[in-house]
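Undergrad: Use these hints to put chain F onto chain U, whose structure you have.
Chain by chain, the residues run as shown.
Number of protein chains: 2
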Amino acid sequence: GGGSSVSDSLLFVSTLDGSLHAVTKRSGAIRWTLKEDPVLQVPSHVEEPAFLPDPNDGSLYTLGNIHSQGLTKLPFTIPELVLASPCRSSDGILYMGKKQDVWYVVDVISGEKRQTLTSSFADSVCPSSSLLYLGRTEYTITMYDTKNKELRWNATYYDYAAPLLDEDTDYRMAHFVSNGDGLVVTVDVDSGDVLWIQNYASPVVALYIWQREGLRKVLHTNVGEETLRYLTFMSGEVAPITKWKYPFPKEAETTSKLMPTLYVGKYSSSLYASSSLVHEGVTVVPRGRVIPLLDGPAITIEENGECEVTPSTDLNTLHKLRYWRNQWLLIGHHEMPLSAPSQILDTFPSPLPRGGQKVIESARDKARYREEVLGIEAPPSQDISDISKPILTTEAPVDSMLKDLATIILSTFLLAGWLAFVINYPK
Amino acid sequence: GGGSSVSDSLLFVSTLDGSLHAVTKRSGAIRWTLKEDPVLQVPSHVEEPAFLPDPNDGSLYTLGNIHSQGLTKLPFTIPELVLASPCRSSDGILYMGKKQDVWYVVDVISGEKRQTLTSSFADSVCPSSSLLYLGRTEYTITMYDTKNKELRWNATYYDYAAPLLDEDTDYRMAHFVSNGDGLVVTVDVDSGDVLWIQNYASPVVALYIWQREGLRKVLHTNVGEETLRYLTFMSGEVAPITKWKYPFPKEAETTSKLMPTLYVGKYSSSLYASSSLVHEGVTVVPRGRVIPLLDGPAITIEENGECEVTPSTDLNTLHKLRYWRNQWLLIGHHEMPLSAPSQILDTFPSPLPRGGQKVIESARDKARYREEVLGIEAPPSQDISDISKPILTTEAPVDSMLKDLATIILSTFLLAGWLAFVINYPK
Numbered sequence: 008g009g010g011s012s013v014s015d016s017l018l019f020v021s022t023l024d025g026s027l028h029a030v031t032k033r034s035g036a037i038r039w040t041l042k043e044d045p046v047l048q049v050p051s052h053v054e055e056p057a058f059l060p061d062p063n064d065g066s067l068y069t070l071g072n073i074h075s076q077g078l079t080k081l082p083f084t085i086p087e088l089v090l091a092s093p094c095r096s097s098d099g100i101l102y103m104g105k106k107q108d109v110w111y112v113v114d115v116i117s118g119e120k121r122q123t124l125t126s127s128f129a130d131s132v133c134p135s136s137s138l139l140y141l142g143r144t145e146y147t148i149t150m151y152d153t154k155n156k157e158l159r160w161n162a163t164y165y166d167y168a169a170p171l172l173d174e175d176t177d178y179r180m181a182h183f184v185s186n187g188d189g190l191v192v193t194v195d196v197d198s199g200d201v202l203w204i205q206n207y208a209s210p211v212v213a214l215y216i217w218q219r220e221g222l223r224k225v226l227h228t229n230v231g232e233e234t235l236r237y238l239t240f241m242s243g244e245v246a247p248i249t250k251w252k253y254p255f256p257k258e259a260e261t262t263s264k265l266m267p268t269l270y271v272g273k274y275s276s277s278l279y280a281s282s283s284l285v286h287e288g289v290t291v292v293p294r295g296r297v298i299p300l301l302d303g304p305a306i307t308i309e310e311n312g313e314c315e316v317t318p319s320t321d322l323n324t325l326h327k328l329r330y331w332r333n334q335w336l337l338i339g340h341h342e343m344p345l346s347a348p349s350q351i352l353d354t355f356p357s358p359l360p361r362g363g364q365k366v367i368e369s370a371r372d373k374a375r376y377r378e379e380v381l382g383i384e385a386p387p388s389q390d391i392s393d394i395s396k397p398i399l400t401t402e403a404p405v406d407s408m409l410k411d412l413a414t415i416i417l418s419t420f421l422l423a424g425w426l427a428f429v430i431n432y433p434k
Numbered sequence: 008g009g010g011s012s013v014s015d016s017l018l019f020v021s022t023l024d025g026s027l028h029a030v031t032k033r034s035g036a037i038r039w040t041l042k043e044d045p046v047l048q049v050p051s052h053v054e055e056p057a058f059l060p061d062p063n064d065g066s067l068y069t070l071g072n073i074h075s076q077g078l079t080k081l082p083f084t085i086p087e088l089v090l091a092s093p094c095r096s097s098d099g100i101l102y103m104g105k106k107q108d109v110w111y112v113v114d115v116i117s118g119e120k121r122q123t124l125t126s127s128f129a130d131s132v133c134p135s136s137s138l139l140y141l142g143r144t145e146y147t148i149t150m151y152d153t154k155n156k157e158l159r160w161n162a163t164y165y166d167y168a169a170p171l172l173d174e175d176t177d178y179r180m181a182h183f184v185s186n187g188d189g190l191v192v193t194v195d196v197d198s199g200d201v202l203w204i205q206n207y208a209s210p211v212v213a214l215y216i217w218q219r220e221g222l223r224k225v226l227h228t229n230v231g232e233e234t235l236r237y238l239t240f241m242s243g244e245v246a247p248i249t250k251w252k253y254p255f256p257k258e259a260e261t262t263s264k265l266m267p268t269l270y271v272g273k274y275s276s277s278l279y280a281s282s283s284l285v286h287e288g289v290t291v292v293p294r295g296r297v298i299p300l301l302d303g304p305a306i307t308i309e310e311n312g313e314c315e316v317t318p319s320t321d322l323n324t325l326h327k328l329r330y331w332r333n334q335w336l337l338i339g340h341h342e343m344p345l346s347a348p349s350q351i352l353d354t355f356p357s358p359l360p361r362g363g364q365k366v367i368e369s370a371r372d373k374a375r376y377r378e379e380v381l382g383i384e385a386p387p388s389q390d391i392s393d394i395s396k397p398i399l400t401t402e403a404p405v406d407s408m409l410k411d412l413a414t415i416i417l418s419t420f421l422l423a424g425w426l427a428f429v430i431n432y433p434k
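One line per chain: the protein sequences are U and F, in this order.
For the first sequence, the residue numbers in this note's numbering are 8 to 434.
For the second sequence, the residue numbers in this note's numbering are 8 to 434.
One chain only, chain U, in its complex shape:
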């Protein structure tokens, strides 16, 4: 009845601070907000910020004390680690996972939460005609160092349960979100019109629509804060936007103007990382620049080329001060990091879900998104087993290069279209 047409008209915007905004598809205006726990929680009692999580998908980046590589990307996400644990790595780290689901039963008209269901708790509910069932999962990974008998790191990542849109869905909007704030630019993929611009106060990590009685994920593109503002001519207030040339002409052959980077940001007291397209004016920290957070662990490179990491444990006030000072140097855009040498992964007693459906589907879906929505030929989809192979060179792996290339092409089109608009606008 009325509830169904209401849910069809809504877009659901998940932000880093744990809000799920129900907004209208037409204007992006907020109808109601469900406020839950923040997407990422890194308890502050762990001194060393060993890993930076990506709130978009739970990917992990290290602060790279191994071989002084700076930021590196680990070949697994928090959900994958949680599903693969309990497991143990050669350097004496025990991994413990926890996955816990919860269902929120929400009135689609008012946004009122009628019921919360967990495996141990179900409260009573008043009957209502138009209810949304929203499933959310909490993934917690804990790393315990058996050598130093101490907790090394732990983190919690929350994700709404939502498969991608059905293949035959005719979804004609593209969403560009800013990494540093809550800005969202929504573009019509047919006409190239900018449909609406909204700011949801906290960085957007996911967008969903309601389809077949459940949330379905809509892909988005992460763009640097300054770049998104630059592209949309925003400087403090929303300018009258007319057209964002889209889809972009395939024959454009300009040099790369938008660059794929890794954005490091801060939420609450913890750092996070997120992929980010930026234009030439944005400062990017070159790859391999080591930012000393602590004196760093003692590294012993053994004869066979393997590396044993002994994290430093003698934290004192000086270290803490240095950490808090240097942490600010990290925040900003970094050159896209390499994949980490999978020293930790290779020695798991439990095999990681290498061929796991979740991983493959995600890669395939992204390819589909590039191909269908953005009109870009995807690079051959990378077998996840390749990712888990150790990368011993300091050069970028070929797969990563291909991906970067695709992103650069996309970025070029994006900017070329915008320049075309700028040139034509005054006429």
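Quick caveat, the hints were computed from the structure, so don't treat them as lab data.
No false leads were slipped in.
Identical chains share a label here; the pair holds if one copy fits it or two copies do between them.
Below, a list of computed lysine to any residue pairs in the SDA-like style, where the Cα atoms sit at most 20 Å apart:
#  : residue 1 : residue 2
1  : LYS154    : THR125
2  : LYS120    : GLU157
3  : LYS156    : ARG121
4  : LYS156    : VAL109
5  : LYS32     : LEU202
6  : LYS224    : VAL196
7  : LYS120    : VAL13
8  : LYS120    : LYS156
9  : LYS224    : THR31
10 : LYS32     : VAL201
11 : LYS156    : SER137
12 : LYS156    : GLU220
13 : LYS32     : GLN218
14 : LYS273    : GLY339
15 : LYS120    : GLY99
16 : LYS32     : ALA208
17 : LYS224    : SER11
Quick caveat, the model's predicted, so the values are computed rather than measured.
TA: Below, chain F alone, put in the same frame as chain U:
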């Protein structure tokens, strides 16, 4: 050092009551026991025993009120359901999962538990030279009925984290375990000698060895209690056993004497199910015999052939009495059930891990076990996506038939060898 040789000499026997016995490989004698929560926990506040879990792998069987099929096997296990949830089925059931890991740090000599590590808790530890790290996972699945606003069923299944043995491991023992009690018969696969017979008081659900600093699963064969006693000439006390002809001759072409069945047993206040080979003398309940536990849900068969199940909610004292009386009729051996029509599975909003590594590996490993250890050619491994297809006929699916056939061949060999021994023994 000494700890390493001790752990190499041990076999770890997990039983339904939650014990992990460290026993010697040579005699099966218990060195020490780690006592934890029982492998299965089905809270008693749920009135209707909707599903029977298998403590060996967390498989699920229904009590089959759909189309009066009696016992049916569901196409997913408790761990698979937990990893796939949160999800929702067309009949208004919400699934909630919880997965929680724990590490037990145990002294290999004394069996003393030195430390317990969870994602939220880590107690202090005294240094020790020879520690075992045992990872155990708790899987809890909860089903909530949105139509009747009540908890429909929930269950907890515990499993030690252990991949299968390395492919190149030369493991020359085969273990036959009884379903109704804790009897284990261990046979040398080369000589056919019965190495040892032990009774661990509670049904054995898994066996492990220590390899590469972790538990590795050793496969076992579930045999009916009477059949295992019959085969080993046991009647109250252990008889002097000499040889169990093993491996079995491949050219044997006798008719089937051992039959694969499903054993339904009771532990604490809840029922469980387990595959079981039985000989001719054992009573087997024919397939499709419906044992009314309750008046049964109202079933509406709709025009398109789909079936909507409305569980009965008006439980009263009479129902409870009938349940407790009829429950005893279930205990025993049943003809191998068919796969359930996957009415519940097909409509999950979240896709189950159809191509999940865990599922495929398990199937592959079992095939390897049959081929290498038992010397039997495995049927072509079944793609998990086939399992999730609805089976609408009441005939056994071909894949299941193939598997049964393999089991029958194995059983025949098993009995043929035994008969050969019986005939030759008095000479």
